[in-house]
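Could you build all of it, start to finish, from the sequences and the hints given here?
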Amino acid sequence: MQYLVIFTPKQKIGSAEMPSDFPQLLRGEEARAKDLYMEGLLRQSWVLGERDHGAAVLFEAESPEHLQEIIASFPLIKADYSNTQVFPLAPDPAFAEKS
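Numbering-wise, full-length UniProt numbering puts 44 at position 44 of the sequence shown, and it's gapless, one number per residue.
It is possible that some hints are incorrect.
Restraint ranges, calculated between C-beta atoms of paired labels, are given here [claimed, not checked]:
#, residue 1, residue 2, range
1, E39, L89, 17 to 23 angstroms
2, A94, Q24, 44 to 50 angstroms
3, K10, P91, 18 to 24 angstroms
4, P23, A90, 35 to 41 angstroms
5, N83, E39, 21 to 27 angstroms
6, P23, V86, 26 to 32 angstroms
7, Q24, L89, 30 to 36 angstroms
8, A72, S20, 18 to 24 angstroms
9, S20, E65, 29 to 35 angstroms
10, E50, F95, 30 to 36 angstroms
11, G49, S20, 23 to 29 angstroms
12, D92, A72, 28 to 34 angstroms
Derived from the structure by calculation, the hints contain no laboratory data.
These numbers were taken from a predicted model, which means no experiment stands behind them.
Every residue gets a Cβ at the ideal spot worked out from N, C-alpha and C, and that includes glycine.
Written out as structure tokens, the structure is:
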């Protein structure tokens, strides 16, 4: 099943509340995304406006629990820096083949 996940930062980049190791966490985030892409679990990723507004990511997961495991593996989630919104996706019936 596919899911659209919106990641948004809890603090503005550059603010005092940001983790001091943010640059290292961001590099880990990018590496994790690339690994998940190679595994076929991350299908597409988009930046929301400017990079500091977050990202919209299309995931492939076996179940909602599997998706939560995937999301939890991101360094910025582990550091409690990002909020997430999850949207399960289903095919649009308007584009389904008619019999």
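A quick look at each hint next to the structure:
At about 19 angstroms, the CB distance of E39 to L89 agrees with the hint of 17 to 23 angstroms. Look at A94 against Q24: about 45 angstroms separates their beta carbons, and that is inside 44 to 50 angstroms. Take K10 and P91: their Cβ atoms lie about 33 angstroms apart, and the range 18 to 24 angstroms is violated. For P23 and A90, the hinted distance range of 35 to 41 angstroms is satisfied, since their beta carbons lie about 38 angstroms from each other.
One distance hint, 21 to 27 angstroms for the beta-carbon pair N83 and E39, holds here, with the actual separation near 24 angstroms. Restraint check, P23 to V86: a C-beta distance of roughly 27 angstroms satisfies the suggested window 26 to 32 angstroms. Checked against the given bound of 30 to 36 angstroms, the beta carbons of Q24 and L89, roughly 32 angstroms apart, stay inside it. The hinted range of 18 to 24 angstroms is satisfied by A72 and S20, whose Cβ atoms lie roughly 22 angstroms apart.
Taking 29 to 35 angstroms as the suggested C-beta distance range, the pair S20 and E65 conforms, at roughly 33 angstroms. Here the CB-CB span from E50 to F95 is close to 32 angstroms, well matched to the stated 30 to 36 angstroms. Taking 23 to 29 angstroms as the suggested C-beta distance range, the pair G49 and S20 conforms, at roughly 25 angstroms. In this structure the hint that D92 and A72 lie 28 to 34 angstroms apart at CB holds, the actual value being about 29 angstroms.
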